[in-house]
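Novice: Okay, here's what each chain looks like letter by letter:
Protein chains: 2
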Amino acid sequence: MAQTTFEEISAADFFYRNRDIAGFTNPSRAIFAAVRELVENSLDAAESLKIPPDVYVRLSYEGEASAETQIYRLRVEDNGIGIPARHIPSAFGQVLFGSKYKLKQQRGTFGLGGKMAILYGQITTHQPAYITSSTEMSKIYMYKLMIDIQRNRPLILDRKVLINKEQWRGTIVEFSLEGDYFRAMPKLLDYFKQTAMVNPYANLTFVDPKGRLYRFTRVTKEMPVPPKETKPHPYGVDVELLQRLIQITPYKNMLEFLKNHFHRVGEITAQKFLVFSNLSPSKNPKKLTHEEIVRLMHMLKKYEEFLPPDASCLSPLGEDLLKAGVLKELKPEFVVVHQRKPATYAGHPFIVEVGLAYGGEIPKRGNFIIYRFANRIPLLYDEASDVSVRVITAMNWRRYKVSPDMPVAILVHICSTKVPYKTVGKEFIADRPEVRREIANGLREVARQIQHFMSKREHVDRERKRLGVFSKYLPKIAQFSTQLAGKQKPPDIEKLLASVKKYGAEEA
Amino acid sequence: MAQTTFEEISAADFFYRNRDIAGFTNPSRAIFAAVRELVENSLDAAESLKIPPDVYVRLSYEGEASAETQIYRLRVEDNGIGIPARHIPSAFGQVLFGSKYKLKQQRGTFGLGGKMAILYGQITTHQPAYITSSTEMSKIYMYKLMIDIQRNRPLILDRKVLINKEQWRGTIVEFSLEGDYFRAMPKLLDYFKQTAMVNPYANLTFVDPKGRLYRFTRVTKEMPVPPKETKPHPYGVDVELLQRLIQITPYKNMLEFLKNHFHRVGEITAQKFLVFSNLSPSKNPKKLTHEEIVRLMHMLKKYEEFLPPDASCLSPLGEDLLKAGVLKELKPEFVVVHQRKPATYAGHPFIVEVGLAYGGEIPKRGNFIIYRFANRIPLLYDEASDVSVRVITAMNWRRYKVSPDMPVAILVHICSTKVPYKTVGKEFIADRPEVRREIANGLREVARQIQHFMSKREHVDRERKRLGVFSKYLPKIAQFSTQLAGKQKPPDIEKLLASVKKYGAEEA
Numbered sequence: 000m001a002q003t004t005f006e007e008i009s010a011a012d013f014f015y016r017n018r019d020i021a022g023f024t025n026p027s028r029a030i031f032a033a034v035r036e037l038v039e040n041s042l043d044a045a046e047s048l049k050i051p052p053d054v055y056v057r058l059s060y061e062g063e064a065s066a067e068t069q070i071y072r073l074r075v076e077d078n079g080i081g082i083p084a085r086h087i088p089s090a091f092g093q094v095l096f097g098s099k100y101k102l103k104q105q106r107g108t109f110g111l112g113g114k115m116a117i118l119y120g121q122i123t124t125h126q127p128a129y130i131t132s133s134t135e136m137s138k139i140y141m142y143k144l145m146i147d148i149q150r151n152r153p154l155i156l157d158r159k160v161l162i163n164k165e166q167w168r169g170t171i172v173e174f175s176l177e178g179d180y181f182r183a184m185p186k187l188l189d190y191f192k193q194t195a196m197v198n199p200y201a202n203l204t205f206v207d208p209k210g211r212l213y214r215f216t217r218v219t220k221e222m223p224v225p226p227k228e229t230k231p232h233p234y235g236v237d238v239e240l241l242q243r244l245i246q247i248t249p250y251k252n253m254l255e256f257l258k259n260h261f262h263r264v265g266e267i268t269a270q271k272f273l274v275f276s277n278l279s280p281s282k283n284p285k286k287l288t289h290e291e292i293v294r295l296m297h298m299l300k301k302y303e304e305f306l307p308p309d310a311s312c313l314s315p316l317g318e319d320l321l322k323a324g325v326l327k328e329l330k331p332e333f334v335v336v337h338q339r340k341p342a343t344y345a346g347h348p349f350i351v352e353v354g355l356a357y358g359g360e361i362p363k364r365g366n367f368i369i370y371r372f373a374n375r376i377p378l379l380y381d382e383a384s385d386v387s388v389r390v391i392t393a394m395n396w397r398r399y400k401v402s403p404d405m406p407v408a409i410l411v412h413i414c415s416t417k418v419p420y421k422t423v424g425k426e427f428i429a430d431r432p433e434v435r436r437e438i439a440n441g442l443r444e445v446a447r448q449i450q451h452f453m454s455k456r457e458h459v460d461r462e463r464k465r466l467g468v469f470s471k472y473l474p475k476i477a478q479f480s481t482q483l484a485g486k487q488k489p490p491d492i493e494k495l496l497a498s499v500k501k502y503g504a505e506e507a
Numbered sequence: 000m001a002q003t004t005f006e007e008i009s010a011a012d013f014f015y016r017n018r019d020i021a022g023f024t025n026p027s028r029a030i031f032a033a034v035r036e037l038v039e040n041s042l043d044a045a046e047s048l049k050i051p052p053d054v055y056v057r058l059s060y061e062g063e064a065s066a067e068t069q070i071y072r073l074r075v076e077d078n079g080i081g082i083p084a085r086h087i088p089s090a091f092g093q094v095l096f097g098s099k100y101k102l103k104q105q106r107g108t109f110g111l112g113g114k115m116a117i118l119y120g121q122i123t124t125h126q127p128a129y130i131t132s133s134t135e136m137s138k139i140y141m142y143k144l145m146i147d148i149q150r151n152r153p154l155i156l157d158r159k160v161l162i163n164k165e166q167w168r169g170t171i172v173e174f175s176l177e178g179d180y181f182r183a184m185p186k187l188l189d190y191f192k193q194t195a196m197v198n199p200y201a202n203l204t205f206v207d208p209k210g211r212l213y214r215f216t217r218v219t220k221e222m223p224v225p226p227k228e229t230k231p232h233p234y235g236v237d238v239e240l241l242q243r244l245i246q247i248t249p250y251k252n253m254l255e256f257l258k259n260h261f262h263r264v265g266e267i268t269a270q271k272f273l274v275f276s277n278l279s280p281s282k283n284p285k286k287l288t289h290e291e292i293v294r295l296m297h298m299l300k301k302y303e304e305f306l307p308p309d310a311s312c313l314s315p316l317g318e319d320l321l322k323a324g325v326l327k328e329l330k331p332e333f334v335v336v337h338q339r340k341p342a343t344y345a346g347h348p349f350i351v352e353v354g355l356a357y358g359g360e361i362p363k364r365g366n367f368i369i370y371r372f373a374n375r376i377p378l379l380y381d382e383a384s385d386v387s388v389r390v391i392t393a394m395n396w397r398r399y400k401v402s403p404d405m406p407v408a409i410l411v412h413i414c415s416t417k418v419p420y421k422t423v424g425k426e427f428i429a430d431r432p433e434v435r436r437e438i439a440n441g442l443r444e445v446a447r448q449i450q451h452f453m454s455k456r457e458h459v460d461r462e463r464k465r466l467g468v469f470s471k472y473l474p475k476i477a478q479f480s481t482q483l484a485g486k487q488k489p490p491d492i493e494k495l496l497a498s499v500k501k502y503g504a505e506e507a
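The listed protein sequences derive, respectively, from chains A and B.
Note that numbering that gives the first Met the number 0 numbers the first sequence so that position 21 is 20, with each residue one more than the last.
Note that numbering that gives the first Met the number 0 numbers the second sequence so that position 246 is 245, with each residue one more than the last.
Just so you know, the hints here were simulated from the structure itself, not pulled from any lab data.
Just so you know, not all the hints are guaranteed correct.
In this list, chains with the same sequence are indistinguishable; a pair is considered to hold if it fits within one copy or across any two.
Once the Cα atoms are required to be at most 20 angstroms apart in a straight line, the calculated EDC-like pairs of lysine to aspartate or glutamate come out as [what the hints assert, rightly or not]: (1) K300 - E67; (2) K192 - E76; (3) K164 - E76; (4) K101 - E6.
Let's have the full structure, built from the sequences with the hints guiding it.
Specialist: Now the structure itself:
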């Protein structure tokens, strides 16, 4: 008889076997993914300290690997919060260990990217990674480590402690990996450019393997209000979450339990909800039966009077920054931006920001140029499956006097405590109905504004034509009438011309 | 100063937090994903025994959950190999534990789907899952279990042992979950239909919540040759894999090591390779330094004389079965199929099969109808990002006299020991260059055949017109000539007509 063998694999082993799902599909994507994951960690690390990020990326050539790929050394340096010494090995050498498992808007969400980059480097070059970090304390810690993939544990090969004389704070990650920079280059430069566009307060420096320097200098030190960590919203809970809260709660009755563990639930709301769900305020949450927990979950979802999540845990760019970014990078003739009010899907708050730019230096391509962002990072791959692209494709643009053969760029930014990515590689966003609706509404708003602009332009064109006719014939009519009346001097037609001249002068 | 807290989460917790990436995006997708994951496990379980699968799926209504969703009970029953009693709890209650981590063509690859279904059921209904299984031994085992998500361990709530009087063999999984069957229905029925199309030797039965019975009966008991488990091909190895092999190898010299652990490496090839890479055949693999392992990996990739992987680990459908499936389900006027030779990406062997069907009952939709399959399962979501769709879109079909406004259906089947899925939910396939090339070549081949068919049709049309002209004027000419010649009986023109009548009679 056929025999089936069973085995258990570690989380690191899972991602080692399935690196496609984490974005490390081929040598070119691998370079791209490694850089972006580390840059995004660096941006998060600086922002969590509320200081403008300085991120330095250097990719240098180390040798030939095969006909198509090379070995590169990647170094990413930041001025972020730093990592406490005892956490450094696991933060870089253990998959599913990290500081990103919080209800807060962050670029990273999976606690996976940095480790995947190092893991990929290790399996292609077998070199250890070097991590240097300081939290501005008196010491700098340096680790040389590899990942024990089968056990999902860091292997510490060396550890040094230096005196931090200059009060340096930040993290430096350095390791070797196989890749194809030549193919990755266009996307990678695009990535830096677009990252600069939505992070105008960051300094990004990139030195490529040929020694070329790319600098994206901050245009402001002003940063958006940093997001706060939040509690779960009642509409987003499931049984598992309720059970975890019940397990850890220090509160002995339902009233306190609800008030203290949920977003948007205060004394009065909690009381009303308990009446609605027919639960005693004095009941000990730890005494709830399985059935009561399931019922509580359904009741939390059914109760219609919870306020929607507030946006303090979100940090959108804001219309001004967005507009500035678009103007700076795209140099259009006209730009409209719009920020939607906070909304929620499955209890996760999110905000959609959209922009539409027309003309100027935007090229005509036969289709819209689409920029997609999520929590201030650009999304560059698998565009066709993204919810934004689907919404854009489905929209009736003709209605707004816009068509794909015009020079039009569309920008969509989604920020959320939990961006519904479809892939661990954060390539595109799932088609959640609530998200889709917000994007569609945002786009309709900017479309209406662009329509207004287009109508105005048509009107200007008509006026200009009309004025052309007037200015052509009026002098002749004036001259003819003068002759007819037997006068010498024709009447002054300048005033008359000016009175019909509403547009055209400054725009001509 | 801001404080960063670090934590470790389990693999189950990771997928609980990120169910979008496993396909459980919303209540409708969740129903779809749960059914398909369990059906695919069942098909694998029967095929590994080389017996035609009988899979019974029942979804029944249990109650209202919210305005849009219901609670359903899902039961999936098969006649597969069964699961040894000691493995049942982990096989269903522990993420990243399973029998799918092998170099062999299987539907499942992540060892995740079944557990995700149960996990999703648990967090939406808080009900345990019931697993019944027997490997045809004297006993049947029944487990009632839940998943401890934070620890990623099964929680056994109950266990029963029954006497297996009737020598039953197979597995039954039953649990409750929240979902939206109404929305999932079209995709789910499509899923069963397409699964039946590429598994014509399987019986599939589905009873939906309204008690409607859908039966897909096998048309043959003939099954494709089952795939064999294979060893890694030298072109696909990385340092991690080499190290694992070195760790477990019982062989004491490089010659034996290479011969016994790699696919397509025999005595002579191993010797030649060792000369090429300047390694001593008697060297003990366990004595290789880090640098030597890295060099060995590069050498394995550089050596050009390894044969490509053979296809014994693959089990394509074959042109006959494919054609039969298409004819049965689509009823076209004309169908061409083509199977490519085995190819390889990153050391993983794969075979592409394509089909193109025209006319008959295929509707005109303004674009091609595309069917995507991988290891004999249909892929129904996120079509736009799939490599097959990209290839189809990029192809110059006009050249082959085919255009999207014709009634054309295109089918692509990829089978591999490792299908390069982009998502854990197995929605679509990554754009690997080698895979892309094979698909393109396959499609060109069927396109040429369809072009031939189209040209022939045009020719037939022309001939028919020509014949029309002949048959119209020839009798008149005959009659006129007869009169002119003063004869009574016109000559027999039937022979003449027959001589120009190459087409048309049977097709008219």
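Novice: At 20 angstroms max between alpha carbons, let me know whether K300 reaches E67 within a copy, between copies, both or neither.
Specialist: between (54 angstroms within a copy, 12 angstroms between copies)
Novice: How would you classify K164 and E76 at a CA-CA limit of 20 angstroms: within, between, both, or neither?
Specialist: Classified as within: same-chain Cα gap 18 angstroms, cross-chain 68 angstroms, threshold 20 angstroms.
Novice: What label fits K101 with E6 when the C-alpha limit is 20 angstroms: within, between, both, or neither?
Specialist: Cα proximity of K101 and E6: across copies only (10 angstroms, versus 31 angstroms in one copy).
Novice: Under a CA distance limit of 20 angstroms, which applies to K192 and E76: within one copy, between copies, both, or neither?
Specialist: Within one copy, since 18 angstroms is at most 20 angstroms while 54 angstroms is not.
No hint from the list above goes unmet by this structure.
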